[in-house]
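Student: Each chain is listed here by its residues.
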Amino acid sequence: MVTVLYFARSAELAGLRSESVSVPQRITSLQLWEEIVKIHPRLAVIRDQVIFAVQQEYVFLGDQLLVLQTGDEVAIIPPISGG
Amino acid sequence: MDESEDVPKDFIKLKSEKLSVDEVSELVISPNCGAVSLFIGTTRNNFEGKKVIHLEYEAYTSMAEMEIKKICRDVRQKWPSVKHIAMHHRLGVVPITEASVIIAVSSPHRTESLEAVTYCINTLKAFVPIWKKEIYEDEYSWKENKECFWANSEK
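First to last, the protein sequences are chains A and B. When you line the first sequence up against my numbering, it's residues 1 to 83, in that order. When you line the second sequence up against my numbering, it's residues 1001 to 1155, in that order.
For the record, the hints were derived by calculation from the structure and aren't laboratory data. Wrong hints could be hidden among the right ones.
Distance ranges between label pairs, derived from CB positions [stated by the list, open to error]:
no.: 1; chain 1: A; residue 1: P24; chain 2: B; residue 2: I1096; range: 45 to 51 Å
no.: 2; chain 1: B; residue 1: R1076; chain 2: A; residue 2: E57; range: 17 to 23 Å
no.: 3; chain 1: A; residue 1: V37; chain 2: B; residue 2: T1097; range: 39 to 45 Å
no.: 4; chain 1: A; residue 1: E12; chain 2: B; residue 2: E1026; range: 36 to 42 Å
no.: 5; chain 1: B; residue 1: E1023; chain 2: A; residue 2: L65; range: 41 to 47 Å
no.: 6; chain 1: A; residue 1: S20; chain 2: B; residue 2: H1109; range: 33 to 39 Å
no.: 7; chain 1: B; residue 1: K1050; chain 2: A; residue 2: Y58; range: 50 to 56 Å
no.: 8; chain 1: B; residue 1: R1110; chain 2: A; residue 2: V37; range: 46 to 52 Å
If you're wondering where the values come from, they're calculated on a predicted model, not measured in any experiment. Yeah, the Cβ is synthetic: ideal placement off N, Cα and C, and Gly gets one too.
Next up, chain A with everything else stripped away, as it sits in the complex (with noise of 0.2 Å):
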């Protein structure tokens, strides 16, 4: 069970900000895409723009293998507009 993060657009598009979701702890960066996208399909729109971070480490969406422990803070990163 990692917590999902959700931020901007993509709180939006999901309804929600935070939720521990059930994945492997093998898994690539790309099929956790794909694990979070089954819950909230709308997502999909914004797949090309985003990348995740992983106990605050930016993770491109591809075959990176992750290894998840119980708790891990994975957040979606809509495009950023700080400053």
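Go by the hints and put chain B onto chain A.
Tutor: This is chain B only, laid out in the frame that chain A set:
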């Protein structure tokens, strides 16, 4: 000021209250520094012909603070003479003309602090997980910095 306590410091704050230029610049003042350089990001009242009513900011706060700490660390590697760095960013509603970000850097001579401030705001816009929503009269828009480090990258 006790000279022995004047070690280089980073002052990082994300807050919903109005930012203060006086407060941020005073944080970085140092007896052996002859320069304080400052950047203030303020909210504009228009975008592509549309009237902007106000801005709203949100952040992945814990990660944003960490990314800002990394920027401070990078500044000290690139400009070792930099003394103090302050980066304050406002969250929540920011009315037109008010500051959304204030960055101040002190150094013995002006070149380093001027260059470091530029680096800070450019890198913040590329890497720090903060989002801005522009509120117009009839609609709103989530903004995207062109500096965003993964913008337009191949997936």
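Student: Confirm or reject each hint.
Tutor: To see whether the hints hold, each was checked on the structure:
no.: 1; hint: P24(A) <-> I1096(B): 45 to 51 Å; result: holds (48 Å)
no.: 2; hint: R1076(B) <-> E57(A): 17 to 23 Å; result: holds (21 Å)
no.: 3; hint: V37(A) <-> T1097(B): 39 to 45 Å; result: holds (40 Å)
no.: 4; hint: E12(A) <-> E1026(B): 36 to 42 Å; result: holds (39 Å)
no.: 5; hint: E1023(B) <-> L65(A): 41 to 47 Å; result: holds (46 Å)
no.: 6; hint: S20(A) <-> H1109(B): 33 to 39 Å; result: violated (53 Å)
no.: 7; hint: K1050(B) <-> Y58(A): 50 to 56 Å; result: violated (32 Å)
no.: 8; hint: R1110(B) <-> V37(A): 46 to 52 Å; result: holds (51 Å)
Going down the numbered hints, you'll see the structure goes against 6, 7, while the others check out.
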